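K.L.:
Since the structure of chain A is provided, determine the placement of chain B on it from the hints.
Top to bottom, those sequences are chains A and B. Note that our numbering numbers the first sequence so that position 170 is 170, with each residue one more than the last. Note that our numbering numbers the second sequence so that position 191 is 191, with each residue one more than the last.
It should be emphasised that the hints constitute simulated quantities derived from the structure, not laboratory data. A hint or two may mislead.
Stated by the list, open to error - Here are the simulated DSSO-like pairs of lysine-lysine, each with C-alpha atoms no more than 27 angstroms apart in a straight line:
no., chain 1, residue 1, chain 2, residue 2
1, B, K298, A, K88
2, A, K110, B, K11
3, A, K150, B, K210
4, A, K110, B, K210
5, A, K88, B, K210
6, A, K86, B, K210
7, A, K152, B, K203
8, A, K76, B, K11
9, A, K86, B, K298
10, B, K256, A, K150
11, A, K64, B, K11
12, B, K11, A, K152
What the hints assert, rightly or not - Label-pair restraints from in silico Cβ distances:
no., chain 1, residue 1, chain 2, residue 2, range
13, A, R89, B, G167, 54 to 64 angstroms
14, A, R89, B, F6, 35 to 45 angstroms
15, A, Y94, B, F48, 56 to 66 angstroms
16, A, E42, B, N207, 21 to 31 angstroms
Values in this document were obtained by computation on a predicted structure and should not be read as measured data. Idealized CB from N, CA, C, for every residue including glycine.
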Amino acid sequence: MAPVKNRKTKRKKEANHSMIVLDNVSKTYATGSPALDNVSLEIRKGEFVFIVGDSGSGKSTLIKLLLRELLPTSGKITVNGQDVAKLKRRQVPYFRRNLGIVFQDFRLLKDRNVYENVAFAQRIVLTPTKLIRKNVPAVLATVGLAGKYKAKPRQLSGGEQQRVAVARALINEPPILLADEPTGNLDPKNSWEIMKLLEKINEEKGTTILVVTHNREIVNAMQKRVITMKKGVIVSDEEKGGYIDED
Amino acid sequence: MRISTFFYTLKQGFINIFRNKWFSLASIATISACLFLFGLFYAVILNFQHMVKSAEEGVSVTILFQEGTTTEQMQTIGNEISQRPEVSQIEFTSADQAWEEFKVEYFGDNVELYEEGFPDNPLEGCDSYEIYLNDVEQQASLVEYLESIPEIREVNRSEIAAMTLTGINAVVAYVSAGIIIVLFAVSIFLISNTVTIGISVRKEEINIMKYIGATDFFVRSPFVVEGILIGIIGSCIPMAVVYVLYNRVVQYIGEKFSILSDIMQFLPVNQVFQTLLPVAVAIGVGIGFLGSIITVRKHLRV
Chain A
1 MAPVKNRKTK RKKEANHSMI VLDNVSKTYA TGSPALDNVS LEIRKGEFVF IVGDSGSGKS
61 TLIKLLLREL LPTSGKITVN GQDVAKLKRR QVPYFRRNLG IVFQDFRLLK DRNVYENVAF
121 AQRIVLTPTK LIRKNVPAVL ATVGLAGKYK AKPRQLSGGE QQRVAVARAL INEPPILLAD
181 EPTGNLDPKN SWEIMKLLEK INEEKGTTIL VVTHNREIVN AMQKRVITMK KGVIVSDEEK
241 GGYIDED
Chain B
1 MRISTFFYTL KQGFINIFRN KWFSLASIAT ISACLFLFGL FYAVILNFQH MVKSAEEGVS
61 VTILFQEGTT TEQMQTIGNE ISQRPEVSQI EFTSADQAWE EFKVEYFGDN VELYEEGFPD
121 NPLEGCDSYE IYLNDVEQQA SLVEYLESIP EIREVNRSEI AAMTLTGINA VVAYVSAGII
181 IVLFAVSIFL ISNTVTIGIS VRKEEINIMK YIGATDFFVR SPFVVEGILI GIIGSCIPMA
241 VVYVLYNRVV QYIGEKFSIL SDIMQFLPVN QVFQTLLPVA VAIGVGIGFL GSIITVRKHL
301 RV
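For reference, chain A alone in the conformation it holds in the complex (with noise of 0.2 angstroms):
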């Protein structure tokens, strides 16, 4: 009896209090090297990390096994207590339903205004229309794009075009939100402005959020965890930390 009832509490600390856990994972494709090298790492809800390190460390790699494109070679990954790896496939969209992303592209329906763009994320899982016209501009007044809603893409500037993407990832409420180099088409001014929005929706929201970035000067100005990656290891991971240089 003790050891059963041991694991369940431990399962539901788990779910408590940890988002994202990467046990040993490794991954190799199936030409070369390993992109992932045995990397253990462990991401608290309500977290803000950053991700550093340059291209070819195992960024890329980490965030297709977190939305499930990819499955690891060996290792276990638990994203909000569901154990990757065990998905059925047509579970994934479902599980996916965990994850908001954000895009260095934006990856906005071009053909569609802002408020359709965001309101398509609301009838892919089903909500009811009344509340999509409740929900789309509450959601647009957080990232401040209150009065742009029947803007087309094109009409935007990028920062108000990742402002979008970012209401998009908002608004069915997931528990983490993915941002893969969300300032990388971006000028500072409008970066800064996309980052304090995530500040802001991690304070105010307790979402957690993972910031895969190259941006320097942000990273090391936010003063968040900061998991430093390199040819598929975690070199450093530290609280408030700074990034790393190369050499």
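P.N.:
Frame of chain A, contents of chain B only:
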């Protein structure tokens, strides 16, 4: 599925069609062509069968009795024949009736003049049964049975006509079925192409949908709707054309070949469309559904 999702899917299906207009048009045109030919063949076959059927109904076997057969014997035999399954109808003509009919037919208005020359019925012993069949193909077996009855003197039949009619019927049906099947295969292929183009155009959107957590069903259904809509449009157009054309042709033949009006009895257009319309729409929808679902399953391994 929610109603709002249903309408959303429907709307996206329409948008898909308009987004690659030319391919949609090509698909609609092919389905239309198929179903036009299908409608044409169907109308022709149906009418042909109708004409064959009426010709077949006219095909009958006549039997004459041996001399000295009593009326009671004839009646018993008549009852036995009428109970056979291949017999649809049986008519008795007595020798007197036959003579009456003959007189009217040949002497016309001058019946009285000739009647005196025939004090006795010259058709004495010509009591007969005219037997109509359900199906011409069963004629041979019926004749065999009739010939085995001793009281029957003669069996008159028209087997050659029967065989020919049945034969032509089958050939027309097989050939048209073959052509239509080939055309349907072409339509499915074209719809599949259209949907493939639609998918490649919307690749980015599909990608985004997958990241946000759209189910396979949600991603796929607009494309299936697109296929079905193409099918519906592609079936309504040719049906309208066939409808108009049918009326015109029937009218034209009726005017130009009025001599043939006895053999060429056309079915009314509503009777033809009563089956043709639902079948054609079902085929259109079926082709659209099949073409798109195959493609979507192949290209959207979401």
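K.L.:
Hint by hint, say whether it matches the structure.
P.N.:
Results of checking the hints against the structure:
no. : hint                               : result
1   : K298/B - K88/A                     : holds (19 angstroms)
2   : K110/A - K11/B                     : holds (17 angstroms)
3   : K150/A - K210/B                    : holds (25 angstroms)
4   : K110/A - K210/B                    : holds (17 angstroms)
5   : K88/A - K210/B                     : holds (15 angstroms)
6   : K86/A - K210/B                     : holds (19 angstroms)
7   : K152/A - K203/B                    : holds (19 angstroms)
8   : K76/A - K11/B                      : violated (42 angstroms)
9   : K86/A - K298/B                     : holds (25 angstroms)
10  : K256/B - K150/A                    : violated (65 angstroms)
11  : K64/A - K11/B                      : violated (32 angstroms)
12  : K11/B - K152/A                     : holds (19 angstroms)
13  : R89/A - G167/B: 54 to 64 angstroms : holds (56 angstroms)
14  : R89/A - F6/B: 35 to 45 angstroms   : violated (25 angstroms)
15  : Y94/A - F48/B: 56 to 66 angstroms  : holds (57 angstroms)
16  : E42/A - N207/B: 21 to 31 angstroms : holds (30 angstroms)
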